[in-house]
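Asks: Residue numbers (the numbering used here), protein chains in the order written: chain W, 5 to 616; chain C, 2 to 348.
Hints listed in this document are in silico derivations from the structure and should not be mistaken for laboratory results. What you are looking at is a predicted structure, and each value in this text was computed from that prediction instead of being measured. Each statement offered as a hint is correct.
Below, simulated DSS-like cross-link-like pairs (lysine-lysine); rule was C-alpha separation at most 25 Å, straight line:
#	chain 1	residue 1	chain 2	residue 2
1	W	Lys-212	C	Lys-338
2	W	Lys-552	W	Lys-337
3	C	Lys-338	W	Lys-213
4	C	Lys-338	W	Lys-115
5	W	Lys-552	W	Lys-324
6	W	Lys-590	W	Lys-523
7	W	Lys-212	C	Lys-324
8	W	Lys-282	W	Lys-256
9	W	Lys-138	W	Lys-151
10	W	Lys-86	C	Lys-338
11	W	Lys-256	W	Lys-552
12	C	Lys-292	W	Lys-212
13	W	Lys-213	C	Lys-292
14	W	Lys-213	C	Lys-324
Residues from chain C that keep clear of chain W, each with C-beta distances beyond 12 Å, as calculated:
#	residue
15	Gly-24
16	Asp-137
17	Tyr-167
A virtual CB, placed ideally from N, CA and C, is assigned to each residue, including glycine.
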Amino acid sequence: MSQPTKGFPLPSSLKVVPGTEAAQAAHPYYIQFNPGDDERFWFYNSMHFPEPMHHFDMVTAEAAYCALGSFNTRVHVLPTTKGIDHRIINGRVFIGGVAVTDPAEIEARTKEFQQRAFYYYEHWETLYDQWKEKMKALIADAQALPKPTLPDLEPIETTHTGKGVAANHALIDTYRKTLEGYFRMWHHHFEFLLLGYGAYLTFFDFCKKAFPEISDQAISRMVAGMEAEIFRPDEEVKRLARRAVELGVDDKFHDGMVIDDVLAALDQLGGAGKEWLKELESSRNPWFNVNVGDGFYHYHRSWNDDLSMPFAALPGYIEKVKSGQPIERPTGKLIEEREQLVADYRDLLDTDEDRATYDQLITLAHRVFPYVEGHKFYCEHWYTNLFFNKIREYGELLAENGFFAEPADVFHLTHYELESAIIDLMLTWSSGAQPIGPQHWPAKVAERKAAIKIWGEHTVPPALGAVPDVIDDPAIVMLWGITRESLDAWLSDGEGPSNELKGFAACQGVVEGTARVVKSVEEISRLQQGDILVCQVTNPTWAPIFQKISAAVSDIGGSMSHMAIVAREYELPAVVGTGSATQRIKDGQRIRVDGGRGIVTILEDQPVLEDA
Amino acid sequence: MSETDAIGWFADLRIDDRPTVGGKGASLGELTHAGIDVPPGFVVTTHAFELFLEALEQASPVRALVEAIDPADLDAVTALSKALRARVEQEPLPQPVERAILDAHTQLAGDGATVAVRSSATTEDAEDASFAGLQDTFLWVLDAQDTVHRVRECWGSLYSVESITYRRKHGLPEEGVAMAVVVQTMVDARTAGVMFTRSPTTGDKSVITIEGAWGLGSAVVSGEVTPDRWVIGKITGEISTREISDKHIRQVPAQGGGIVDEDLPADMRTAPSLSDEELQALRTVGRRVEKHYGRPQDIEWAIDKSGALLLLQSRPETVWSAKAQVPVTAPTADPLKHVMTIFGGRK
Numbered sequence: 005m006s007q008p009t010k011g012f013p014l015p016s017s018l019k020v021v022p023g024t025e026a027a028q029a030a031h032p033y034y035i036q037f038n039p040g041d042d043e044r045f046w047f048y049n050s051m052h053f054p055e056p057m058h059h060f061d062m063v064t065a066e067a068a069y070c071a072l073g074s075f076n077t078r079v080h081v082l083p084t085t086k087g088i089d090h091r092i093i094n095g096r097v098f099i100g101g102v103a104v105t106d107p108a109e110i111e112a113r114t115k116e117f118q119q120r121a122f123y124y125y126e127h128w129e130t131l132y133d134q135w136k137e138k139m140k141a142l143i144a145d146a147q148a149l150p151k152p153t154l155p156d157l158e159p160i161e162t163t164h165t166g167k168g169v170a171a172n173h174a175l176i177d178t179y180r181k182t183l184e185g186y187f188r189m190w191h192h193h194f195e196f197l198l199l200g201y202g203a204y205l206t207f208f209d210f211c212k213k214a215f216p217e218i219s220d221q222a223i224s225r226m227v228a229g230m231e232a233e234i235f236r237p238d239e240e241v242k243r244l245a246r247r248a249v250e251l252g253v254d255d256k257f258h259d260g261m262v263i264d265d266v267l268a269a270l271d272q273l274g275g276a277g278k279e280w281l282k283e284l285e286s287s288r289n290p291w292f293n294v295n296v297g298d299g300f301y302h303y304h305r306s307w308n309d310d311l312s313m314p315f316a317a318l319p320g321y322i323e324k325v326k327s328g329q330p331i332e333r334p335t336g337k338l339i340e341e342r343e344q345l346v347a348d349y350r351d352l353l354d355t356d357e358d359r360a361t362y363d364q365l366i367t368l369a370h371r372v373f374p375y376v377e378g379h380k381f382y383c384e385h386w387y388t389n390l391f392f393n394k395i396r397e398y399g400e401l402l403a404e405n406g407f408f409a410e411p412a413d414v415f416h417l418t419h420y421e422l423e424s425a426i427i428d429l430m431l432t433w434s435s436g437a438q439p440i441g442p443q444h445w446p447a448k449v450a451e452r453k454a455a456i457k458i459w460g461e462h463t464v465p466p467a468l469g470a471v472p473d474v475i476d477d478p479a480i481v482m483l484w485g486i487t488r489e490s491l492d493a494w495l496s497d498g499e500g501p502s503n504e505l506k507g508f509a510a511c512q513g514v515v516e517g518t519a520r521v522v523k524s525v526e527e528i529s530r531l532q533q534g535d536i537l538v539c540q541v542t543n544p545t546w547a548p549i550f551q552k553i554s555a556a557v558s559d560i561g562g563s564m565s566h567m568a569i570v571a572r573e574y575e576l577p578a579v580v581g582t583g584s585a586t587q588r589i590k591d592g593q594r595i596r597v598d599g600g601r602g603i604v605t606i607l608e609d610q611p612v613l614e615d616a
Numbered sequence: 002m003s004e005t006d007a008i009g010w011f012a013d014l015r016i017d018d019r020p021t022v023g024g025k026g027a028s029l030g031e032l033t034h035a036g037i038d039v040p041p042g043f044v045v046t047t048h049a050f051e052l053f054l055e056a057l058e059q060a061s062p063v064r065a066l067v068e069a070i071d072p073a074d075l076d077a078v079t080a081l082s083k084a085l086r087a088r089v090e091q092e093p094l095p096q097p098v099e100r101a102i103l104d105a106h107t108q109l110a111g112d113g114a115t116v117a118v119r120s121s122a123t124t125e126d127a128e129d130a131s132f133a134g135l136q137d138t139f140l141w142v143l144d145a146q147d148t149v150h151r152v153r154e155c156w157g158s159l160y161s162v163e164s165i166t167y168r169r170k171h172g173l174p175e176e177g178v179a180m181a182v183v184v185q186t187m188v189d190a191r192t193a194g195v196m197f198t199r200s201p202t203t204g205d206k207s208v209i210t211i212e213g214a215w216g217l218g219s220a221v222v223s224g225e226v227t228p229d230r231w232v233i234g235k236i237t238g239e240i241s242t243r244e245i246s247d248k249h250i251r252q253v254p255a256q257g258g259g260i261v262d263e264d265l266p267a268d269m270r271t272a273p274s275l276s277d278e279e280l281q282a283l284r285t286v287g288r289r290v291e292k293h294y295g296r297p298q299d300i301e302w303a304i305d306k307s308g309a310l311l312l313l314q315s316r317p318e319t320v321w322s323a324k325a326q327v328p329v330t331a332p333t334a335d336p337l338k339h340v341m342t343i344f345g346g347r348k
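The following block holds chain W by itself, in its conformation from the complex (with noise of 0.2 Å):
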């Protein structure tokens, strides 16, 4: 290696954006970067939050590694990495691995890891099973929490059943229930996730030896699952499409409706307006509890929290239904499809031997891939959601309390201070007094949101710190695709043309289009047939606005990405894991989606204006 030694700065170089001092040492001193942390290797978790933190949000990171950790470390014993540690800067959250070195301790780890993760293996199905009722469980839990109020009086019944606990108390502990939820949805979510992962990838590495040059597409497509809930949301849209057409109420739904409208005609045509509305709320729940986000932002709203992504994909379903086309997924001809691909990759191998362990593999991957496809409904999105709202709810309560111009404002209290306003609020209530909170909050509020913008404003390094000669930490390959050669890849960043972007190639197919650069679900509307979308993220749960679109680019994701996995069900040709799409391409330009080779052209340099 003669090359000239490239790096990353290191985190004490980092300076805290002027202006921002306060918001950034309102975290907690344990996520803040200390002297120590130049001897590690960090990077810019942008996959999972790429946008600056809202202080509160910063929970997520926090239950999220604690579990991750818990299970990497000490339940599953991975023999070669433990945990990941965070911390915060200018609202950016930066992770890194603590991989395990030595030859000893992973030959001990390996022992452990043996026995732990393939008990897990062996009894895949039974433990899953077991996890979905766990799940549900804790879901009727959170669902079951009251929604915190403080009346002026205790109701009479509090004296009569001699109740003896005053309302103020379920403040505290919902609050807490609520934290303690999601701290344990998270460990959850880890039980399987990287055993998961992990057997998938094993498939995946025998595949890429067995077949050089196979496709990471045409791997993902033979462990593909059939019946995983994240199609679900977008079935249950197409079925509201059908049965809007059955019942003869399709005439009400039209681009650019006013959805509050729509739900108010529909229910006063009575009868079949308000059967359908009837069909809506069973496909509500559980189906729409699905955010557009990848559920790590409380503003990432679901479905039943704001209709528009189903409702904007309504009228496309409901003129294909018109016109006899076929919308509902083919579950049976893509079962048939994914095994004849199996079948023909086998066929391929040259030995008996081989043949075998693609059998073993192949069925491993299968096993685990219900879980990798569908914990995400149940934990990002119907218990993050719960989580949020509940949230949300003390926001209401401490806003009608003036501690907040709105109730959204909560949400840059860390979860510590939002206790103490809570108790602030509870002990005021108690002794009859005014909360001290409505002359604190304001002001910090209104410091954190400015920081916030700008931070958003403000680009941080994709990495910090000395370069690791390998990446051989499988939980961050993984999950975050991070390798030597994407490093490098960092390193060099600006090296190619100039108005050529690459990214992971997610659906194969070459598209030119208009480039709609689309930062929030809100914008959704502004997608006309045949834009291509340019986002940050997408989720399973943008599915719907696939059928309008014709090609994707994202900033996030890597090519096992659900997202990619969507598109190329829809065969949507799709570029994911720009990294700067939404910041170098503008909105309105032309631009050429490569999926099949992962690269992205701008045609055009000057903006096309809309109504021109």
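Put chain C on the given structure of chain W with help from the hints.
Replies: Frame of chain W, contents of chain C only:
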């Protein structure tokens, strides 16, 4: 086909006929029989050659002279080669042989079609590069007389300096040295090239590599143009590589027979010589042929002016197929042990 026939039509040939019609001829017969589109044609068999050689031997010795020569004596070999090739090309053909070729030509190309005349060697050895000179191909042959002449030239190549030297150096007996010749209607190709049903660089059997350029495939085979190159998933049809080259010329039929280079206009030079649909059609036929033979193939193909896809030749891929087949990973009794490739750390 009977062993004593001077010619054999593709439709009547199978791969087992290789000893009398050569590898190329037998493969074209096999493809025709399998229902793959191949330009129609016939093979002038080794039997026809042997009848001719017998006639030559009766006039004056052939084999004995070759067997007696010292391969180190280049002057002697050159003189002998010149003499024998002249005889093969000029002495009268036995009547039945000439009649059979002329009749078959009339049947194949009586309407004025042009043909390609290509040698079809009978031994694996002959496919070896060291047997240089044996792989003659004459394109755009205009009439029956010219066809007979080209057949003789193919036969004559058995007595080229390189061929004689090779046989003598390896001590191969002259008895049994024979040559079949393929006569096939010519495809006036819009685009032509080659296809390997595996990766030539990694040996990966899950991809098909296609190379093609404008005009006749001879330009690609001879290396006179850098062809466009594509890599396609054999099973999925994904096109993972598209290298569109600058194809400065194409080869087209010449007025008086044979072929000629033609310059290309700028826009055509850098335009892809195949559409995605054509690539998929090639993949489909490549898979069919591979399945038919049960092993990866090295295929020559052409697309005619009407857009029809035809195979000109298919032979087994030899480089990667000759390598020992080693399992990708050692099998384990406990399949779960395989996950240690991911969790066990870098070896």
